[in-house]
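Asks: Residue numbers (the numbering used here), protein chains in the order written: chain W, 1098 to 1261; chain G, 1098 to 1261; chain L, 1098 to 1261; chain F, 1098 to 1261.
Since the hints were derived computationally from the structure, they do not count as laboratory data.
Keep in mind that a hint or two might mislead.
The list treats identical chains as interchangeable, and a pair is accepted whether it falls inside one copy or across any two copies.
[Unchecked claim] No more than 25 Å apart at the CA atoms, straight line, and that leaves these computed lysine-lysine pairs for DSS-like:
no., residue 1, residue 2
1, K1243, K1125
2, K1138, K1212
3, K1119, K1212
4, K1192, K1119
5, K1243, K1119
6, K1222, K1117
Protein chains: 4
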Amino acid sequence: MPHHDQAPLKSARTMNRAFKPKDEGFEKRIRASFARQEIMKTVNASILSIEPGEVVLEFPYQTSLTQQHGFIHAGIVSTVLDSACGYAAFSLMPKGASVLSIEFKINLLSPANGKLFRAVGTVRKPGRNITVTEGEVFGDGDGGEKLLATMVCTIMTVYDREDV
Amino acid sequence: MPHHDQAPLKSARTMNRAFKPKDEGFEKRIRASFARQEIMKTVNASILSIEPGEVVLEFPYQTSLTQQHGFIHAGIVSTVLDSACGYAAFSLMPKGASVLSIEFKINLLSPANGKLFRAVGTVRKPGRNITVTEGEVFGDGDGGEKLLATMVCTIMTVYDREDV
Amino acid sequence: MPHHDQAPLKSARTMNRAFKPKDEGFEKRIRASFARQEIMKTVNASILSIEPGEVVLEFPYQTSLTQQHGFIHAGIVSTVLDSACGYAAFSLMPKGASVLSIEFKINLLSPANGKLFRAVGTVRKPGRNITVTEGEVFGDGDGGEKLLATMVCTIMTVYDREDV
Amino acid sequence: MPHHDQAPLKSARTMNRAFKPKDEGFEKRIRASFARQEIMKTVNASILSIEPGEVVLEFPYQTSLTQQHGFIHAGIVSTVLDSACGYAAFSLMPKGASVLSIEFKINLLSPANGKLFRAVGTVRKPGRNITVTEGEVFGDGDGGEKLLATMVCTIMTVYDREDV
Chain W
1098 MPHHDQAPLK SARTMNRAFK PKDEGFEKRI RASFARQEIM KTVNASILSI EPGEVVLEFP
1158 YQTSLTQQHG FIHAGIVSTV LDSACGYAAF SLMPKGASVL SIEFKINLLS PANGKLFRAV
1218 GTVRKPGRNI TVTEGEVFGD GDGGEKLLAT MVCTIMTVYD REDV
Chain G
1098 MPHHDQAPLK SARTMNRAFK PKDEGFEKRI RASFARQEIM KTVNASILSI EPGEVVLEFP
1158 YQTSLTQQHG FIHAGIVSTV LDSACGYAAF SLMPKGASVL SIEFKINLLS PANGKLFRAV
1218 GTVRKPGRNI TVTEGEVFGD GDGGEKLLAT MVCTIMTVYD REDV
Chain L
1098 MPHHDQAPLK SARTMNRAFK PKDEGFEKRI RASFARQEIM KTVNASILSI EPGEVVLEFP
1158 YQTSLTQQHG FIHAGIVSTV LDSACGYAAF SLMPKGASVL SIEFKINLLS PANGKLFRAV
1218 GTVRKPGRNI TVTEGEVFGD GDGGEKLLAT MVCTIMTVYD REDV
Chain F
1098 MPHHDQAPLK SARTMNRAFK PKDEGFEKRI RASFARQEIM KTVNASILSI EPGEVVLEFP
1158 YQTSLTQQHG FIHAGIVSTV LDSACGYAAF SLMPKGASVL SIEFKINLLS PANGKLFRAV
1218 GTVRKPGRNI TVTEGEVFGD GDGGEKLLAT MVCTIMTVYD REDV
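Using the sequences and the hints given, assemble the complete structure.
Replies: Written out as structure tokens, the structure is:
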């Protein structure tokens, strides 16, 4: 089970803004939706923090998630980062709305090795229909946390689709 | 175990080209590398076909890979597609080279539901250092195969890193 | 003034589909909008062909559009390609709708040198709100046409904004 | 001629790092290369600041650069932003190296209207072969500066190509 003694710092970008949620129940909604993502159990991810416009997830190294060099597969890094970005966007959506990633781009800066990975999703520009988010994945290397990947994820607010 | 009666058609793009592999052992190298990707076992993916410049993978629906609506998570679609693209690039690389995705972009066109998914990775532009690939994921919907996602993946040839 | 003896071939992708326009006046609407794009005059671009789901533009080499190596700047290649993609999407939109690029990604495969450049924009997946398009830019090299860049462009249909 | 009374603030990201240039002549090299980009004259862009890992450019509104709604065309925003990102990367490259954008992605957050635009290019991850940069374009709206677009640009260091 992932564990973290230190609360992650809010990103500089988020600190400069004061995103106001449209629905005060955003944290509860996110936790409920996260619990329905079976893939999050498969990768053993957990929620570190939820703020308006920023969600931080964490997941540990598992051999079952690796590519041919023994690092976490880029697609798995994408998986957790896309969820972090999606929930960051979701935190600012009105009640009853649903979140849909329409596209994302990821840059893989360093091999994803380490024991624990932290995925930070942040809203860059909220919108009624389209929300642009950014994500970062950090690994716990020998010299402290290391940035492993960055994502830009474009998200659509969907008003008529219920979660399973 | 995934099963397919029909051999997948080569994409129109690939048919128009005649990529010449630099190493005749490319298929063997790809199968060996694929076997080292533990994540491919986790998602139960298998190789449908390997040609110079094109690799097709397949994976079945699994509840353990789903997001909150019960569809395959976009990151898992990315995972298999990134591997298909990577191996398409790998098929044209010289002996001893290794493949590294430096970035990819995915557009999610339709929810990934269905029983079986086919991921096609194709080389668009091979290069000594940088190879640009494209990927498509299809699902077996009621009305036949349906395009679910498209990817562009930029891949670097690495000459000094051995597989695990 | 750009000139072309040969009609450009339809892309294999477009040939396989039969996009049906929602408004038969699509060609007229595109030509009118194109005429309002002052930047198209600056880069001396012209329309080669308009079909449902595919628009082809052309522009000549001009020193005023070059980067430090004397090639056409990647951003100018993007400019014409984004317009080609946007009008490809526009060709399938209903009367009164307007087209808005929300994001695009371009891969620069070869330096943009040559005398004449052809930008092909194609609809990959039309949608009521979001249309995904793909673009390719070709240059007239010594050995015939050469693929210089590929784009994926995500476009939103806007219903309440009039053209200038 | 563009003019700016206030020095632009360094981005939070850059302030946290201390990029060390490999060649102390980086500013001179950038100014010389910028002067060779004919397109920068066409869009009337100028250099606001050059720091190791960050370059800021500026350009004014011109009707000749507009799309059909009278806003600056997304491709022109991309043009200046790509140059800002490229020169940010270039600032950390060794003497004799040349800079090549291999791909970029831009998200268009708001229409590019206003009188003056500022393009900030920042190095996110420098590398011997591949440097990942990020860019932002701001416009001077009525309520102060407004973020109009964000870019991620992947850049390759080229060692054997001289500028024109």
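Asks: Next step is simple, just say for each hint if it's right about the structure.
Replies: Structure-based check of all given hints:
1. K1243 with K1125: For K1243 and K1125, the Cα distance exceeds 25 Å both inside one copy (30 Å) and across copies (32 Å).
2. K1138 with K1212: both (17 Å within a copy, 21 Å between copies)
3. K1119 with K1212: neither (37 Å within a copy, 33 Å between copies)
4. K1192 with K1119: Classified as within: same-chain Cα gap 8 Å, cross-chain 34 Å, threshold 25 Å.
5. K1243 with K1119: between (34 Å within a copy, 22 Å between copies)
6. K1222 with K1117: Cα proximity of K1222 and K1117: one copy only (13 Å, versus 32 Å across).
Taken one by one, the earlier hints fail for this structure at numbers 1, 3, listed in ascending order.
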